[in-house]
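Since chain L is already given, all that's left is putting chain D on it; use the hints.
Those protein sequence lines, which keep their order, are chains L and D. Numbered by my numbering, the letters in the first sequence go through residues 1 to 112 in order. Numbered by my numbering, the letters in the second sequence go through residues 1 to 113 in order.
These aren't lab readings, by the way, just hints derived from the structure by calculation. C-beta atoms are modelled at their ideal positions from N, C-alpha and C, and glycine is treated no differently. No false leads were slipped in.
Restricting the straight-line Cα-Cα distance to at most 30 Å, the calculated cross-link-like pairs of lysine-lysine (DSBU-like) are:
hint	chain 1	residue 1	chain 2	residue 2
1	L	K104	L	K68
2	D	K9	L	K81
3	L	K81	L	K104
4	L	K76	L	K104
5	D	K9	L	K104
6	L	K68	L	K57
7	L	K76	L	K57
8	D	K14	L	K104
Partial list, computed: chain D residues near chain L (C-beta under 7 Å):
hint	residue
9	L43
10	F90
11	F104
12	G107
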Amino acid sequence: GQNIDQPTEMTATEGAIVQINCTYQTSGFNGLFWYQQHAGEAPTFLSYNVLDGLEEKGRFSSFLSRSKGYSYLLLKELQMKDSASYLCAVSVPDSGNTPLVFGKGTRLSVIA
Amino acid sequence: NAGVTQTPKFQVLKTGQSMTLQCAQDMNHEYMSWYRQDPGMGLRLIHYSVGAGITDQGEVPNGYNVSRSTTEDFPLRLLSAAPSQTSVYFCASSADRGQETQYFGPGTRLLVL
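So that you can see chain L by itself, here it is in the shape it has in the complex (with noise of 0.2 Å):
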């Protein structure tokens, strides 16, 4: 089976730095992706990474190790609109009715 995990919620400071953590069993790996999700709203794609390594995107960056299952979500410099679910998810190659596996997300609560 495939299987992604996440911490289910966290909170962090105004200005801070906080990082989500992710990790994956699946079957294959094609690339993995970030998306936000504020309440009662449609996830918004983030980031993706499909090599090993850091990509930095304003004030997120999202790192990849592919022989450890693992990624991570950087936010810096935390604002209050941050305050949302993350979603990881994993494109799966030939996984039949999974392609892409997401985890049950990580609700961010960014206090003043």
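Using the frame of chain L, we list chain D on its own:
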């Protein structure tokens, strides 16, 4: 571009009723999919389509039908609604099955009594 649109936004059904959730995209994407999102369960794939005329089952297909007569539209039909189908339903599209960004519609919140 409107992106991915879904109707209705909210729906209340009685057990046993049928209905169709509409989904359309104007990005000429070949791949479209339907997910349901339940508390503590994450997004689960119901059905997907890799192009017009081609559909396939996802992880949780029971109780749902789909069709793909055009590239743009991908409706989801609930045949006989059950309380277990109370959920938030998202339609998504992408240029490719797994390696391209998925764009999600705004969602349909369904309550089955």
